[in-house]
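> Chain residues, written in single-letter form:
There are 2 protein chains.
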Amino acid sequence: MTETDIFGKKVPILIKNVRLNDKPTEIYLDGNGIIGAVGKAVKDHDARFIIDGEGAVALPGMVNMHTHSPMSLLRGYSDDMPLFEWLSTKIWPIEARLTESDIYWGAKLACLEMIRTGTTAFNDMYFMMNSIANAVDEAGIRACLSHCMIDNGDHAKFESECTVTEKTVAAIKARQNPRIMAGVSPHAVYTVSEEGLRWCAAFSEQENIPLHIHVDETDENPDCIKTHGMRVVPWLDHCGILSSRCIAAHCCWLDDDDISLFATRGVTAIHSPVSNMKLAVGRAFPYPKLKAAGVSVALGTDGASSNNDLDMFAEMKTAAILQKFIWNNPTIMPAGEVLAAASRNGAKALGLDAGVIAPGFFADIILVGKNPANVPDINSVSNAVYATGGLAVETTICDGVVLMHKGIIPDAEEILAKSEEVAFDLIRRATT
Amino acid sequence: MTETDIFGKKVPILIKNVRLNDKPTEIYLDGNGIIGAVGKAVKDHDARFIIDGEGAVALPGMVNMHTHSPMSLLRGYSDDMPLFEWLSTKIWPIEARLTESDIYWGAKLACLEMIRTGTTAFNDMYFMMNSIANAVDEAGIRACLSHCMIDNGDHAKFESECTVTEKTVAAIKARQNPRIMAGVSPHAVYTVSEEGLRWCAAFSEQENIPLHIHVDETDENPDCIKTHGMRVVPWLDHCGILSSRCIAAHCCWLDDDDISLFATRGVTAIHSPVSNMKLAVGRAFPYPKLKAAGVSVALGTDGASSNNDLDMFAEMKTAAILQKFIWNNPTIMPAGEVLAAASRNGAKALGLDAGVIAPGFFADIILVGKNPANVPDINSVSNAVYATGGLAVETTICDGVVLMHKGIIPDAEEILAKSEEVAFDLIRRATT
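Those sequence lines, one after another, are chains F and P.
Counting from 88, one number per residue, gives the positions in the first sequence under our numbering.
Counting from 88, one number per residue, gives the positions in the second sequence under our numbering.
Do not take every clue at face value.
Pairs involving identical chains hold if they fit within one copy or between any two copies, as the list cannot separate such chains.
To be verified - Here are the simulated lysine-lysine pairs, BS3-like style, with alpha carbons at most 25 Å apart: (1) Lys-110 with Lys-493; (2) Lys-110 with Lys-177; (3) Lys-505 with Lys-110; (4) Lys-493 with Lys-244; (5) Lys-110 with Lys-376; (6) Lys-505 with Lys-103; (7) Lys-505 with Lys-493; (8) Lys-376 with Lys-493; (9) Lys-378 with Lys-96; (10) Lys-435 with Lys-376; (11) Lys-254 with Lys-244; (12) Lys-378 with Lys-177; (13) Lys-378 with Lys-260; (14) Lys-435 with Lys-378; (15) Lys-435 with Lys-493; (16) Lys-103 with Lys-435.
Source of the hints: derived by calculation from the structure; they are not laboratory data.
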């Protein structure tokens, strides 16, 4: 099998001469999407394709735990503005014009960037999720997709949002694509009613699917106390939201009691440092306290209109240095913890046997090539976290299928051209 | 002339079909290292080589205003440690073993990474600068090189350090290489005596060369007040250090009076956000106040052992988002200001007619190719600052000479292999 033939095929693959945890290693992918063997000289079994990993480092595929994939269309459309002015004068007017085709091409662009920068799974919250599912299906990566439910306290809207969520979940399940999962996403406490939150909690339990919600990105507590007589996290708990299925994005304004409750309920907290810093949300994610309490922490880029990329390598570095800086201790969030937050911890929250390169886990693997920014290779985890942007990824494999090899993704040119055209057309429609 | 012939040749070049400030543009380089013309359809004059910039964005070459280039050898050697323990148990013992050959290969690796990530000039402070000058000469980029002078209050050491500085400056000037400038570098107030500081100030004035110094990276003020009866910045002024030749690195702990004095004296302040955050220096560079006072601000990566890369694109993004976050205002340091800090402002401080793509300026230009992280190209400056790592740079031109084209740097493989070998040999020598 030649190199151009390998794309998109699910066949046994042997990765030779690669480095894993600073040791030379071979990795055998069994042809069924699972890692069959990892070791010094594994038997090549029935490998149909051999990847020469000479000079490269193997890492688990990144798991991006909070994003809004179609917003890649809006990259660079507006920056450097106050949060509410940015949302109300720039983002919302554009979002109101989004068509199914825009969503599809935005998600295609996002998946392309994720494959290019080594992400093999993502947790998405947006609208028209079926269009996103089509893009994910074609891209070959994994995603948990949930309709972003907003009722603003309007009962009729609540009912229609429940219907959309039910239909979205049913449609995704009906695909029977093991790479595409459904989730449920109440947007936030300030946009979803008590009945909305309670319904989402019950539906997530009934369907046994993740619940993805924004929590304390900015300080939502004063308003929540005024309206509901308690802080955001106890209010969410009161509504049944907090459980081990709950994936809470941002979490910048948690207090000690909130953190204890997260630990008790098994919530996963998502750190999105780049977006938090760019939007100036006012406080940093309390990583040391969450870690001390035993709360699982994962990373997410947020959408490309507030980041402005989906590069989990950049997110790892920013998380590590922000945590050190803001808590004034250079030993906080060392490289190994950051890498786990960018891979295994997110996979666990989604219930995926991924994020670890070991037999029995999903064959979601990336190879980072040698380049002038990661030589010498004294410590490959340090280099991955602190010295290597996602463009250093050369090979991306998801579900045992090669999606990028030697930097080549077969349909990249077409997706870039078409998504750029769609983005400019959207802006033209929204501003004229 | 074919594509492989172009490397290292100083000939007239026409860059066609490129985008500059979101408009299609042609750029003519005159064969003498100067930009001859910029416009919609410039005459191709006598161009010996045509670069098709289709899909690419032209930017001025980045100017890295604070680094220690040979420390690239120590990338990933130690991270996540308290500052003093890191220096005393890891960095200093290794630095004590550095040979001329180590310095040379460290600087070769650093220059290679800078060319790969779009930096065309850097301001370096280290030891054995002649070895670094050899590396810079061969690499083809620009540098201002200064011996890092430390006397620790010892008069004999002061005298020997003055001699080293004088010899270094004389040797660099004797090269008559217009790309390589000499500077003078007293390390910091806590490592250089009053006589050392006064001598550096006078020597910098006499030779009319830049003075590069660490200022308030951590809070140096309590000790300075105890020893000299005043804060760091007035003490530096008392010793004659502050002038328009002064390039002050870090500047995290400046107060309002310090900032006023910087403005009065014309000092350039260098922001190194990644290193400051990773080492947890305790406070952030006061960009809004420096800007309000009219102090020129430029960016620097610091050395690769505290960053851990020399990627000015990552430095731009981190500067922009740190400033927004820490001063709680998303409008601070918008993309255009960040790009100027990474290019024109540094060039000005070094007295270089660079950092701007316009006729008469040095032909120091980079081309950023289209990739999944910078599409759509709605705003190319936003994309450069917020969405594009330095590995997206495809072409690097310095002094009118092509150093990288389509991601290819002719001697990259050899430099990576040799510098990695040198790094491991250095660690072996230092730890056995």
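> With reference to the structure, classify each hint as holding or not holding.
For each hint, the structure was consulted:
no. : hint                 : result
1   : Lys-110 with Lys-493 : within (22 Å within a copy, 32 Å between copies)
2   : Lys-110 with Lys-177 : between (49 Å within a copy, 23 Å between copies)
3   : Lys-505 with Lys-110 : between (42 Å within a copy, 20 Å between copies)
4   : Lys-493 with Lys-244 : neither (48 Å within a copy, 53 Å between copies)
5   : Lys-110 with Lys-376 : neither (33 Å within a copy, 49 Å between copies)
6   : Lys-505 with Lys-103 : between (36 Å within a copy, 23 Å between copies)
7   : Lys-505 with Lys-493 : both (23 Å within a copy, 23 Å between copies)
8   : Lys-376 with Lys-493 : neither (41 Å within a copy, 46 Å between copies)
9   : Lys-378 with Lys-96  : neither (40 Å within a copy, 55 Å between copies)
10  : Lys-435 with Lys-376 : within (20 Å within a copy, 45 Å between copies)
11  : Lys-254 with Lys-244 : within (15 Å within a copy, 78 Å between copies)
12  : Lys-378 with Lys-177 : neither (37 Å within a copy, 27 Å between copies)
13  : Lys-378 with Lys-260 : neither (34 Å within a copy, 55 Å between copies)
14  : Lys-435 with Lys-378 : within (16 Å within a copy, 46 Å between copies)
15  : Lys-435 with Lys-493 : neither (29 Å within a copy, 40 Å between copies)
16  : Lys-103 with Lys-435 : neither (28 Å within a copy, 50 Å between copies)
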